[in-house]
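As a plain string of letters, each chain reads:
There are 2 protein chains.
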Amino acid sequence: MYKSNYSSKLLDDAIEQFASLPGIGRKTALRLALHILKQPMENVARFSESFISLKSSICYCPVCRMISDDGICPYCSDNRRDQTIVCVVESLRDVISIENTGCYNGLYHILGGIISPMDGIGPGDLAIAPLVERIREHDVKEVVLALSTGMEGETTSFYIYKQISSLPVTVTAIARGVGFGDDLEYTDELTLGRSIETRQIFKP
Amino acid sequence: MYKSNYSSKLLDDAIEQFASLPGIGRKTALRLALHILKQPMENVARFSESFISLKSSICYCPVCRMISDDGICPYCSDNRRDQTIVCVVESLRDVISIENTGCYNGLYHILGGIISPMDGIGPGDLAIAPLVERIREHDVKEVVLALSTGMEGETTSFYIYKQISSLPVTVTAIARGVGFGDDLEYTDELTLGRSIETRQIFKP
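If you read the protein sequences in the order shown, they are chains A and B. First residue of the first sequence: 1, per this note's numbering; consecutive thereafter. First residue of the second sequence: 1, per this note's numbering; consecutive thereafter.
Misleading hints may appear alongside valid ones.
Each pair may be met inside one copy or between any two copies, as identical chains are not told apart.
Taking lysine-lysine and the DSS-like style, the derived pairs with C-alpha atoms no more than 30 Å apart in a straight line are [what the hints assert, rightly or not]:
hint, residue 1, residue 2
1, Lys203, Lys27
2, Lys27, Lys38
3, Lys9, Lys38
4, Lys141, Lys162
5, Lys141, Lys203
Because the hints were derived from the structure by calculation, they are not lab data. Please read these numbers as outputs of a predicted model, since none were measured by experiment.
Throw the hints in and build the complete structure from the sequences for me.
Written out as structure tokens, the structure reads:
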């Protein structure tokens with residue numbers, strides 16, 4: 001139970017709401033609430049309404065399940081992108097991360113999670129069937145698996161591979177190896193071992 | 001001009017709004033916006049409305065200028081507090097800081113700033129006249145000056161002192177000295193000098 005520390009229930013409420021955000025503690029929440037108090041009403045209204053709009057008006061692309069303002073997302077409808085490559089990711093955060101690299105120009109397919117028996121998430125809970133259908137019905141030449149490593153990611157990748165390996169599509173996976181700036185000394189053996197096994201022609 | 005990084009203008013807007021808060025960068029703003037997206041509509045509505053309510057319904061105590069939900073603030077209306085001591089502070093943040101110490105049981109008077117010719121803030125812009133009136137009309141026995149140190153705070157303290165020194169009230173100021181946990185070696189000379197001059201009987 002939260003004890004009112006300040007002279008106003010309204011301030012307490014605003015602080016509580018800020019503190020409900022991940023990574024925001026009570027001290028920061030107080031600072032943010034006092035900041036809000038100092039803004040003109042117009043700005044506060046714009047601030048608050050942006051979240052309501054986000055939540056109430058956002059929709060999901062029927063093709064790749066990326067968030068979108070209306071219907072097909074900007075990636076799927078962009079003809080300058082290579083429509084024959086589909087990168088399979090867990091969530092929209094991964095799409096944003098990959099987009100930030102500027103190294104990928106194909107489309108995406110968001111699964112909405114990974115297979116996790118512990119959390120009761122099976123293949124049926126993920127957008128795997130729509131992926132198979134998408135490959136069947138569109139001219140997809142390559143599927144890039146970009147799921148997290150670890151038991152659950154590997155299981156999911158393997159499951160997807162089994163579902164689509166009979167289709168006329170190349171299945172690839174993002175490279176695993178020693179990251180730029182990482183010390184070999186501190187790299188785990190699995191990663192280092194894999195990076196030696198999958199070594200590539202040196203191109204200086 | 002902000003370039004849309006994501007697939008949705010709505011998401012961009014929400015990120016921009018979060019990033020307008022002090023100390024929140026773009027990366028954190030993205031994380032917070034995605035958090036909002038995952039919450040049920042009900043929570044998002046409560047989140048947003050708390051700021052609108054704070055801004056639109058808050059009022060200021062006519063006695064001490066502390067924020068309050070309606071009329072006289074909880075401090076001024078609390079009979080268990082010593083109504084004869086008034087602590088003069090710059091802003092409501094200072095009230096919160098002093099309340100957090102649990103060491104003060106009197107009332108407050110918020111000036112709303114300090115005298116700052118550089119920023120064009122003169123005595124007339126601050127709640128100094130209301131303070132004088134408050135001391136005249138109520139049974140105030142002690143005024144505690146708790147303004148920041150430095151040129152502007154000292155000037156303001158001195159100005160207030162001149163205004164009220166002829167009234168039957170004791171004027172005190174919070175003690176300056178070496179903070180708990182501070183190394184003497186790293187304490188500035190002004191502070192250390194003052195703390196030697198104002199040394200007190202040792203009470204173990």
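Going through the earlier hints one by one, which of them does the structure break, listed in rising order? 1
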